[in-house]
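> Protein chains in written order, with the UniProt record's numbering: chain X, 1 to 204; chain Y, 1 to 219.
It is possible that some hints are incorrect.
[What the hints assert, rightly or not] In silico lysine-lysine, DSSO-like type, Cα no more than 27 angstroms apart, as pairs: (1) 27(X) - 82(Y); (2) 61(Y) - 82(Y); (3) 197(Y) - 176(X); (4) 177(X) - 48(Y); (5) 43(X) - 82(Y); (6) 74(Y) - 68(X); (7) 43(X) - 207(Y); (8) 197(Y) - 207(Y); (9) 74(Y) - 27(X); (10) 196(Y) - 213(Y).
Source of the hints: derived by calculation from the structure; they are not laboratory data.
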Amino acid sequence: MQEFYDAILPLSDRLYRYAYRLTSNDKDAEDLVQDTLLRAYNKFEQYQSGTSPLAWMLVILRSIFINKYRKKKREGHQVSFEDMAAGVDRLLVEDTRDLPENPEDFLFRNVLDGELRDALANLPKHYLEVILLVDMEDLSYRDAAEVLQIPPGTVMSRLHRARKTLQGELQELARKKGIIKGKVANLVPPRKDQKSVGGAQYGS
Amino acid sequence: MDRDYWEERLQAYLDNELNPADRMAVEQYIEVHPEAKAQLEYFGALKKRIRAHAEIVEMPKSLEQRIQRTFERKRTVRMFRKRAVYGGLALAAALVIGLLTPALWTQGHTFEDTTIVGHIVCHDCSLAEMAGLTKGSMCKDGHRLGLRTDGGDLYRFAVDDVGKNFIRDYTIINSEVEVFGEVQHQYHVLRIKNLKKTVEQHALLQKEDLNTKALVEEF
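Start from the sequences and build out the full structure, keeping to the hints where you can.
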């Protein structure tokens, strides 16, 4: 059990980071982290030493989040992911001439943290999650696949679409701010009943 | 191959998730497709930007304290339980030992009142004899005396206030005696309360008989 204190508890801040992005709410994120740690503590004998403790914790966190989400959905307290996902693929950048000449300078100088946060929050959860796992938490595709309970190949394709969608959001933002003139290609016309590609819906 | 295929591999290349063969294929693709290189640069920069952005979300101190409190309490409870279990086990073990020990002790160590008849022997010499060794001049000061019964049992005299006068009285060796005392069967130890040479007893009985006869004759 000492391993729990040594290997798991120090991951609390990373769990919180993930929980916060999922819930978009600090109170819910705190509760989610606390619940996750308590469940992990009670099921610690199931943890296989030598595997990624973060991946193991995130599996638990996701499971709690999804169950709570389903419960809230049944109670009619939350917007469904289907609604949130509708139209998200409309902003795929198709024309590489839209790309800024110096992307690093563009992204660090012109995209504020608040704007990036909103852009991320606008992503459907299954796109957001894959970005959080691979880009923010630096998980391998294999670990991300374990957390998301999908094949590693799906992680690769989903990540591709997630990044392209985020790119589209940021390009749209830059266009609105007048930083770039190019128009973002509207690949898929938004539809009310549209579901995003490759997305597991928590509420289903 | 279609564009999505290469774009997915570009992302995987960026994340260092390709095997060497696929990496090489992507590198060759980039060489002949400048737009792929631009994309790679963009997504590399985006990855860096997202990583930098991740740091802005910090765990609130209140949650940190809440977690610390919760798990310190759990650790304490766990330690207490562990100690309680070990303590319980130790107590149970002590009880078992406590219950068993007197039984073991009393079984072998208690003395029982006895009256026993036999011949005084040098205990050590007799032991040697029983072990098949020659007697020789083994009987000397320092050997403790004992009693051999007619049945062949050998008892060593205990070092005792009552018995100690007999311990080194080698003059009584080979005398038949009647011992009143206590015996510890497990270790064949005999604690003497009183010892009578049976010949003396016979002599006494004979004397008493004579006195009785004399009295009868007087009447």
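> Each hint: holds or not?
Consistency of the hints with the structure:
Between residue 27(X) and residue 82(Y), the direct Cα distance comes to roughly 35 angstroms. Violation of the 27 angstroms bound is thereby established for this hinted pair. Annotation: proposed proximity of residue 61(Y) to residue 82(Y) is violated, straight-line Cα distance about 31 angstroms (limit 27 angstroms). A C-alpha spacing of about 130 angstroms is found between residue 197(Y) and residue 176(X), which places the hinted pair above 27 angstroms, so the restraint is violated. A distance of roughly 22 angstroms separates the Cα atoms of residue 177(X) and residue 48(Y); the hinted pair therefore holds under the 27 angstroms criterion.
A distance of roughly 18 angstroms separates the Cα atoms of residue 43(X) and residue 82(Y); the hinted pair therefore holds under the 27 angstroms criterion. At roughly 25 angstroms between alpha-carbon atoms, residue 74(Y) and residue 68(X) fall within 27 angstroms of each other, so this suggested pair holds. Under the criterion of a C-alpha separation no larger than 27 angstroms, the hint pairing residue 43(X) with residue 207(Y) is inconsistent with the structure, at around 95 angstroms. The straight-line distance between the Cα atoms of residue 197(Y) and residue 207(Y) is roughly 15 angstroms, inside the 27 angstroms bound, and the hint therefore holds.
With a C-alpha separation of about 23 angstroms, the suggested pairing of residue 74(Y) with residue 27(X) holds against the 27 angstroms cut-off. Simply put, residue 196(Y) and residue 213(Y) have alpha-carbon atoms about 25 angstroms apart, close enough for the 27 angstroms limit, and the pair holds.
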